[in-house]
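Novice: Residue numbers (my numbering), protein chains in the order written: chain A, 1055 to 1343; chain B, 1055 to 1343.
Hint data in this document are derived by calculation from the structure and do not stem from the laboratory.
Just so you know, not all the hints are guaranteed correct.
Put simply, identical chains are the same to the list, so a pair is met inside one copy or across any two.
What the hints assert, rightly or not - In silico BS3-like cross-links for lysine-lysine, where the CA-CA straight-line distance does not exceed 25 Å:
(1) Lys1341 / Lys1160
(2) Lys1213 / Lys1294
(3) Lys1338 / Lys1160
(4) Lys1113 / Lys1058
(5) Lys1083 / Lys1213
(6) Lys1137 / Lys1160
(7) Lys1338 / Lys1276
(8) Lys1213 / Lys1074
Number of protein chains: 2
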Amino acid sequence: MSAKVIKGAPIAEEIRAELKAEIDGLKEKGFTPKLSVVLVGDDPGSVWYARNKVTTGEKMGALVEVHELATDTPEADVVALVKKLNADDDVHGILVELPLPGHINKANVMNAILPAKDVDGVTAEQRGYVLGDMESMALVPATPLACIELIQRAGVDIKGKKVTVIGRGDTVGRPLAMLLLSRGRDATVTVCHSRTADLAAECRAAEILIAAAGAGADHLVKKDDVKPGAIVIDAAINEKPDGSITGDVDPAAEEVAGVITPVPGGVGSLTTTIIVGNTVKALKLQKGL
Amino acid sequence: MSAKVIKGAPIAEEIRAELKAEIDGLKEKGFTPKLSVVLVGDDPGSVWYARNKVTTGEKMGALVEVHELATDTPEADVVALVKKLNADDDVHGILVELPLPGHINKANVMNAILPAKDVDGVTAEQRGYVLGDMESMALVPATPLACIELIQRAGVDIKGKKVTVIGRGDTVGRPLAMLLLSRGRDATVTVCHSRTADLAAECRAAEILIAAAGAGADHLVKKDDVKPGAIVIDAAINEKPDGSITGDVDPAAEEVAGVITPVPGGVGSLTTTIIVGNTVKALKLQKGL
């Protein structure tokens, strides 16, 4: 048996088509969603992600502007820019590209973002809506939401399924567990991590296995760790020294899984689109639409 | 075999002794922790809980005042009182007793509480700290924290343990899962609920089983659902029509479990003490102590 491979690109395109229609409707009412990206320094990954948001946003008719600041910009100036964007009524979403240069305290910058414009879901308030099962008013972080979209749009019913999430980070594993548990999705969720006693057993028990262990965990999940016919979602992006990208799941798992997402080309293909989607949602919540 | 029964009262007393010493130290520096309880109407449970906070607080030398408002108090007046307490520098913690009368929108009142004084952990910001694994700056809701205190002070090591939580509510199950997963505790956590396909199997797999299904789920967990020697924490308070209190776990589970908490007299015995503890923590965070 060989798994059905679910690629991110066509699903991202489907979401973008829906968002474009929604943005067209908003423009008729006089609103154009605008995302402001703050890019400090010239980390190649961050530069690429920032530009990608501009091109992705433009495809849907949203405005995306990138504020490029020099690597040695003082923290206070970055915070001041964020506050200026908070106060700008024409800006509906704010995203600060990470990593920030070493002299800048990440928390100080993130906490400066007005929660209502926090389209990356990094503020305590947005995280609180996720914990509190108040997703309709939340701006959910992109990677966990991308996992949910991939699963649901691939036609997989999550209800009552046994789901194992590998990874307990604050940007993927923890919020993803909350989303899966929410009323309507109704998954039974197990969260594993580096201290889990028998990770392979937890993986093999899963009808849906989502890997987001991250940094350095490439190919952590072997073929034998996958339950035959399981849905396997790989949410990791591990950069190897040669610059290539791998996931947390050994591609050989394809021989056992029922459905699997590739890395690259899976979950990661949706995140930029979801950030624009969050900008649209932020605008609607801000304007009471 | 019969389980070791862990009662809440002596553990609550141990915590109160520690808090009293801490409060004595704060008083020497000129700070007396003060909790303001807002009680709307005369729900007998709420009246009891409010009074209990006064006596518990006094034992430790904290100030606890109860603002009693008539059942028909307009929502705006309740919100106005909360805002007055927000602005009062001598008040370090605010707690609104639930349930509120039907004409009052709970969310409007809860969201009015200044997060820094939210000792019941009901605001989005406090929930966000819990989701984000930022417990040192969080005011954690009382029941999940009581579960953690009971387990740890009973000498049970959570690290790497397989924990099953029954219940996905926003006040117990969801935050508790986040606390158990946190770095340092390192549990592998499964969250179950009414839509879980095989609840008994999930329970039997658990080295630590925490039941918080709540309302109407009395004695949901049977003796046969418990792994021999497991730690069983019952965080539920189910009120029966005759006014008696039961938990989610059938007391017969005592024959199988290694350690078990009773209901009443277990987790519930800690919550008021923890609210006073949160008031002390809130004061320290507010004053940078």
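Novice: All the hints need checking, so say for each whether the structure fits it.
Specialist: Against the structure, the hints:
no. : hint              : in the structure
1   : Lys1341 / Lys1160 : between (29 Å within a copy, 23 Å between copies)
2   : Lys1213 / Lys1294 : neither (36 Å within a copy, 31 Å between copies)
3   : Lys1338 / Lys1160 : between (28 Å within a copy, 24 Å between copies)
4   : Lys1113 / Lys1058 : neither (29 Å within a copy, 64 Å between copies)
5   : Lys1083 / Lys1213 : neither (37 Å within a copy, 55 Å between copies)
6   : Lys1137 / Lys1160 : within (15 Å within a copy, 31 Å between copies)
7   : Lys1338 / Lys1276 : neither (43 Å within a copy, 48 Å between copies)
8   : Lys1213 / Lys1074 : neither (29 Å within a copy, 48 Å between copies)
The structure fails to meet hints 2, 4, 5, 7 and 8 from the earlier list, while all remaining hints are met.
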